[in-house]
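Trainee: Residues per chain, in single letters:
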Amino acid sequence: MTVIDPRLQEALDGERDPAALPAELREAYARLTAAAALLRDPPATSVADRVMAEIRREAPARRPANWLLRPVTFRLRPVWTLAVAAAVAAVVFLPFRESATPGAEEGVAQFVGHFPGARSVEVVGSFNDWQRGALALRDEDHDGIWHGAVVLPAGQHEYMFVVDGERWVADPLAGRYVDDGFGAGQQNALLIVRP
Amino acid sequence: MVAQVLDGDAEAFGIIIRRYEPGLLRFAARMLGSADAAADAVAESLVRAYRHLAQCRDPEHLKSWLYRITGNRCRSHIGRRHMSDIALDDAPPLADPVDTWAVLERSEQVALVERALAALQPEKREAFVLKHVEGLSYEEMADVTGARIPTLKMRVHRAREALLVALKELV
Numbered sequence: 008m009t010v011i012d013p014r015l016q017e018a019l020d021g022e023r024d025p026a027a028l029p030a031e032l033r034e035a036y037a038r039l040t041a042a043a044a045l046l047r048d049p050p051a052t053s054v055a056d057r058v059m060a061e062i063r064r065e066a067p068a069r070r071p072a073n074w075l076l077r078p079v080t081f082r083l084r085p086v087w088t089l090a091v092a093a094a095v096a097a098v099v100f101l102p103f104r105e106s107a108t109p110g111a112e113e114g115v116a117q118f119v120g121h122f123p124g125a126r127s128v129e130v131v132g133s134f135n136d137w138q139r140g141a142l143a144l145r146d147e148d149h150d151g152i153w154h155g156a157v158v159l160p161a162g163q164h165e166y167m168f169v170v171d172g173e174r175w176v177a178d179p180l181a182g183r184y185v186d187d188g189f190g191a192g193q194q195n196a197l198l199i200v201r202p
Numbered sequence: 007m008v009a010q011v012l013d014g015d016a017e018a019f020g021i022i023i024r025r026y027e028p029g030l031l032r033f034a035a036r037m038l039g040s041a042d043a044a045a046d047a048v049a050e051s052l053v054r055a056y057r058h059l060a061q062c063r064d065p066e067h068l069k070s071w072l073y074r075i076t077g078n079r080c081r082s083h084i085g086r087r088h089m090s091d092i093a094l095d096d097a098p099p100l101a102d103p104v105d106t107w108a109v110l111e112r113s114e115q116v117a118l119v120e121r122a123l124a125a126l127q128p129e130k131r132e133a134f135v136l137k138h139v140e141g142l143s144y145e146e147m148a149d150v151t152g153a154r155i156p157t158l159k160m161r162v163h164r165a166r167e168a169l170l171v172a173l174k175e176l177v
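Chains as they are written, first to last, in our numbering: chain A, 8 to 202; chain B, 7 to 177.
Chain B with its partners taken away, still in its complex shape (with noise of 0.2 Å):
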């Protein structure tokens, strides 16, 4: 599919876009905090990443790429403005009149972890969210963040240590 796109098949990069979006959307979402931050911090990273495809020096590695420049975009994102200033979509969606009990408690659960989350320091909430959210392995996240293996896991560890103790409440 890369070798598509750089023989001028523009439309194959429609086929990337559709197999890794949701992935990079989720993981810029738990970074950023903000649905919309996130749609334009992936859309920016999906463009720059067609403009720069033939630096993909390996496409078997191309989700660790794509991972990769979305992280840095996320990060130039945070660093813009103070965690403070994050437009979070912690509060819980309005109930809409046929929302279940469950349904209502559930998003109020996700609201929390949300919180949790975006109290962590960044590189501890990067790890956490490639690691468990997103599923990759730490020789993947070291592939997407340049940090070295043992590094990665102190991050992992630290970030589920302040999970657990804020997460007291969550059944």
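Bound-form chain A, shown alone (with noise of 0.2 Å):
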């Protein structure tokens, strides 16, 4: 295979003004340019109704029931309003809350990560439908140890740190990792929460 110019490569990267290439390289690359021309002519297909229809078919089950849409109104005298609020809270963060007694089917999850120099640590995994904002670690002696604590269901979980709100991490010490299916090679930590 021939090499061919890497003037002609810079020009192609856009690193190189193509119009100050030799006119052997202007006419090379002028043909890669009107060859990816050509592929680009739009699709002349459309698969978003298949695509819907196969959606519209899945999505019930994403969507809660209506009943419980529908707003309704109760009527508490005062002295029970606190209470009520209680127990709502209480079932509201039953599966993801930090540092609570766990129940017979839950266990302590701890995290520990080590990222001197970061601004903020979270944990996002498969407990918190890898939702950002639900568990931020802390580093109160500003060594760079992060750590945080919060009650799962007993199970496998999977879950990556997000370090300064852009860069997910796999956990270092997870010890277990699991691809993250999507074919690229990356993997999400494992953690095993026994009740």
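Careful: at least some of the hints might be erroneous.
Said to hold, decoys possible - With the Cβ distance kept under 7 Å, some of the chain A side facing chain B (calculated, not the full set):
1) Arg38
2) Leu45
3) Arg47
4) Val54
5) Asp136
6) Trp137
7) Ala141
8) Arg183
9) Val185
If you are wondering where the hints come from, they were derived from the structure by calculation, not from laboratory data.
In this text, all values refer to a predicted model and were calculated from it rather than measured experimentally.
All residues carry an ideal CB built from backbone N, CA and C; glycine is no exception.
Got two chains here, each in a separate frame; can you build the complex from them with the hints?
Mentor: Have a look at this one:
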């Protein structure tokens, strides 16, 4: 295979002005860019209807039942209000709560990570639908060791650390890892919570 | 939009489809050499993306994530058959009587480039298409493929060399 002039590669990578190339390289540049342009024709088909039909079949499973969405009004004596609020909070936060006593089918998961210089570290995982903002780790003495604990249902959970809100890192101390399922060789850390 | 879908609004996924479908279909068609196979691969990828949307860790990288899923789906399609079995849409479409000479010539040129592209190894083909057809940066390509940037640059360079030899006839 012919190795092409590095100046042509640079021009094609946008690192060199193609107009400044010698004539024969300009011709090769034009040929390759013309080839790419020919491949850019928009597709004539659409799969949108097909995909949406499949999704609509699955969607009800994701949507809460209508009766859950319907507003309901309760009349309470003021003395009961606090008790009811506490009971609702206990139910809502049951599957994922920080620093609480675990139930019979739950366990405490402790997270520790060494991220010197980090401004924030949080944990996202299968237990919180990979949503950020649910479990922030703390580094009170600013030594770069971030930690936190949470009560989780017993079983296996996949998780990652998110450092400074943008860098996703598999816990280097996890010991167990699983493929993230998207084929790029990236792995999630695996946590086993025992009751 | 991602948050809306995760909140249960499945219809919002239609907007995501409309935005990214053309690029994904073109990418898959160039990888598989067949519009039908590309449509199947993209449809499967989008349904899979919907099911796993909660794992799209950064909605700002949604585009790369969708290309990654589609690229994986294409690779598994390619893995199931030999390149020689690929039903390339490589024959120029039959000329309509009203076709002008320019249209016919262009379709022959497209077929020539598609044949040259199909002759590349899949990873070089993927790198060339992502870079020069889909216009992704090397950083985005690394996000899509999981490969390192120097590796991707090398694949793109090798693809260009092979195409330049194969496309001598291209005016």
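Trainee: Against this structure, judge whether each hint is valid.
Mentor: Outcome of the hint check:
1. At a threshold of 7 Å, the smallest CB-CB gap from arginine 38 of chain A to chain B is about 5 Å, leaving the interface hint in force.
2. With 7 Å as the threshold, the beta carbon of leucine 45 of chain A comes within range of chain B, its nearest partner Cβ sitting at about 5 Å, so the hint holds.
3. Taking 7 Å as the C-beta cut-off, the interface hint given for arginine 47 of chain A holds, the closest approach to chain B being about 6 Å.
4. For valine 54 of chain A, the suggested interface contact is upheld, since its CB lies about 4 Å from the closest CB of chain B, less than 7 Å.
5. Because the closest C-beta pair between aspartate 136 of chain A and chain B is about 5 Å apart, less than 7 Å, the hint holds.
6. For tryptophan 137 of chain A, the shortest C-beta to C-beta distance to chain B is roughly 5 Å, which falls under 7 Å, so the interface hint holds.
7. The restraint placing alanine 141 of chain A at the interface with chain B is violated, with a minimum CB-CB distance near 12 Å, outside the 7 Å limit.
8. Violation of the interface hint for arginine 183 of chain A is found here, the shortest Cβ-Cβ separation to chain B being roughly 18 Å, above the 7 Å cut-off.
9. Using the Cβ-Cβ criterion of 7 Å, the hint placing valine 185 of chain A at the interface with chain B is not satisfied: the shortest such distance is roughly 12 Å.
In this structure, the earlier hints numbered 7, 8, 9 are contradicted, and the remaining ones agree with it.
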